[in-house]
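Visitor: Listed below, chain by chain, are the residues.
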Amino acid sequence: MKYSVLLGTLAAVGLAAGAASAGTLDDVKAKGSLQCGVSTGLAGFSYTDADGEWLGFDVAVCRAVAAAIFGDASAVNFTPLSSKVRFTALAAGEIDMLSRNTTWTLTRDVDLGFTFVGVNYYDGQGFMVPASLGVSSAMELDGATVCIQTGTTTELNLADFFRTNGMSYEPLPVETVAEAQQNYLAGACDVYTTDASGLAATRSTFEDPSAHVVLPEIISKEPLGPVVREGDEVWGDVVRWTLYALVAAEEYGLTAENVAEIAAGEPDPNVARMLGAEGNLGEMLGLPNDWAVKAIEAGGNYGEIFDEYLTPVGLQRGLNALYTEGGLQYAPPFR
Amino acid sequence: MTAVTEPPQQSFRIEMLWTDARYRSGFLQVIALMLVMLAVAWVVDNTIRNLEALGKDFDFSFLFAPASYDINQVLIDYTSRSPHWRAALVGMLNTLILAFVGCITCTIIGVIAGVLRLSKNWVVSRLMLVYIEAARNVPLLLQILLWGAIFSETMPAPRDYRGEEPAATLWFDAIAATNRGFYIPRPLFEAGSGVVVGVFVASLIGLFIWNRWRKAHQNATGQTLTPRLEQIGKGFAVPAGLAVAWLFFPGFDQGTLAIAIKAVVALGLGAGSAWLLYTFNTLSVRLAILSVPAVLAFFVMGSPITLAYPELRGFNFLDGEGQAIYLRNSFMALWLALSLYTGAFVAEIVRGGILAVSKGQSEAAAALGLRPNLIMSLVILPQALRIIIPPQISQFLNLTKNTSLAIAIGYMDVTGTLGGITMNQTGREMECMLLLMAFYLVISLTISAVINAYNERVKLKER
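Residue numbers (my numbering), protein chains in the order written: chain A, 1 to 335; chain B, 1001 to 1463.
Please keep in mind that the hints were generated in silico from the structure rather than gathered at the bench.
Some hints could be false.
[Claimed, not checked] With a straight-line Cα cutoff of 35 Å, these simulated DSBU-like cross-link-like pairs (lysine-lysine) come out: (1) B/Lys1262 - B/Lys1234; (2) B/Lys1459 - B/Lys1401; (3) B/Lys1459 - B/Lys1215; (4) B/Lys1215 - B/Lys1234; (5) B/Lys1120 - B/Lys1459; (6) A/Lys221 - B/Lys1056; (7) B/Lys1056 - A/Lys31; (8) B/Lys1461 - B/Lys1359; (9) A/Lys29 - B/Lys1056.
Generate the whole structure from the sequences, applying the supplied hints.
Guide: Structure, rendered in structure tokens:
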């Protein structure tokens, strides 16, 4: 009998452990803060200021989600993750969401058990070389040593690019951007390859950015976006629609300054539904009705966030302009 | 009426499981076994439940899909089209080669440092103390990163070797030291080199036979060859040295510098041979058996073994088939750091082993008339080895397992391929980790088994 009691207890513990990871939104509300995975440091996307405060384009997404849930953009804790450990951390429930310039691919979406809730930056893989090397095209890189972050899609694109073009190369695997930068500047590799946005951001931190050139070839599609665990649609919807709210806010001309004012006034019906002045969209998401107001107030709309963090490191809107301006950023209707 | 005292009934009662010493230990062991099995069952059950909750299955078929990534150091054929299991194999070989060279150098460093640590020379012993304490008290990861940084920051870039007046030149015209690694000459075996190798192998066999004969001779007659060899050697030393110097002496039809260098080399060779002969003993004979026939065969066959020197083309020096051997910085830094770190522990083990042999042993050996080096090799070392070898196994195991720090500086060992990129790209954490653990377990057990077998040979035989 003792045996079965023991077995029963053990089984109950096992079940409880499994059940604990059921509703992420409820878990986050119960914790009182959001746990967000970001990169270990990439200018423009996620970095810390002198006070240790996390800032950046990817960080702003986390803050907007926290603001939508709690009405407080600071109710978020950040976990810096290398490209290698990010998925393990998310799968294991160490973080609630991953906002870490992560490329949306079929394998990651389907086989790894994650859900990409949207794209906050359309990117592509490029190459950076020192100008003194005298290289003007990626086709001239045969035999070069290439610094590459392990565990990324860029690693696979790189192998395909060199193989299909009949060139050889020597990979120098590194774990973080900082490590890549150190090796690249020491000349231990001729080329640094990663998403073009990452190259521009890294280059902007160099002592003399003009001594380095980003080659014209873009060898892949890299749609980067926030990721959550698969199978928790409620939570996925919260992150997805918070991201869309930021994009829609730019489209409707809502900014961090004027959004509260507009919500209190008599806005256009589309805006009114999104901001909770009309209908119950917030309630459907399991959030307060002014969720979108808080999310936009946290750091501004998509365009404001882009201008604040990515324009200074030299990135253009390009593909990331609104669809109305020839870009790909498009939010479905709030209805 | 007589009371018949019957022997107490041996019937089994349930309390006897814990009151009777005959059953108690067995009973407790069964309980312990059941608890262990329960714990294992719970872990497995919990894993399966949680994997299910995450929507993951347990499947090794990913190993046969193309890996799609490249690896820098490959010892077998590998391209990005090869399957994941082959990438894992490449990583395993990289781990093994690092562990193999690391174990050899850490032993050499450790033995030298351990013996010097016992030196009566104050400066030498203190220097070794500083090395040992510094190397074993600084975390290994920091040492690896330090050596990696030293190599990549201080060495010239490959492009510094280019141009009319290059900023850097090859060491000894043969070794290219760059911030990406070292390029060393690769021996190229051309037609006829088989003969040279064959002669060398024959020399090895000859050496083995000669050793057997020498021991048998000493056992039979009680005499060593040394005095007679010394007599012969002293007679021939001077003429042989002159002959060698004359043989290698260059003609005078070259530039002054070339003549000077070659003359120095010839005189050095002559002096070396003279010295070898003058101190003729069994070691010199062994060296001669090993080298002389192979060197003669090499020249008779018209120098069939040549060297491929580093050649700069494009971004890098060439490596691979028919080109220089490329020792990457990551490999060199790991090798150095692992050897120095583990060597410090080995040094202490060696010192302890030697100190553990009673002083009376060496005094007794000296009283028998043995010379100091014979005392070391015949009396001290065999006894010290018995103490040194068992802890030495754990040092080898430590070194092997510490190679898993390799990814910190971009060396693609099995933790970097199977446990790094493959795991990350396929999302098969559980499968990859199990394979990785199995690999390290097998390697560790193999090393233990090999050294335990050696330990059986040298340990005290009690008859």
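Visitor: Give a verdict on every hint.
Guide: Going through the hints against the structure:
Of the supplied pair hints, the one linking lysine 1262 of chain B and lysine 1234 of chain B holds, its CA atoms being roughly 27 Å apart against a limit of 35 Å. For the given pair, lysine 1459 of chain B sits about 27 Å from lysine 1401 of chain B by alpha-carbon distance, which is consistent with the 35 Å threshold. This hinted pair checks out: lysine 1459 of chain B and lysine 1215 of chain B have alpha carbons roughly 21 Å apart, not beyond 35 Å. The suggested pairing of lysine 1215 of chain B with lysine 1234 of chain B holds, with an alpha-carbon distance near 24 Å, which does not exceed 35 Å.
Simply put, lysine 1120 of chain B and lysine 1459 of chain B have alpha-carbon atoms about 29 Å apart, close enough for the 35 Å limit, and the pair holds. Our distance criterion of 35 Å between C-alpha atoms is met by lysine 221 of chain A and lysine 1056 of chain B, whose separation comes to about 27 Å. Our distance criterion of 35 Å between C-alpha atoms is met by lysine 1056 of chain B and lysine 31 of chain A, whose separation comes to about 27 Å. Between lysine 1461 of chain B and lysine 1359 of chain B the alpha-carbon distance is near 22 Å, which keeps this suggested pair within the 35 Å criterion.
Pair hint lysine 29 of chain A plus lysine 1056 of chain B holds up; C-alpha atoms about 27 Å apart against a cutoff of 35 Å.
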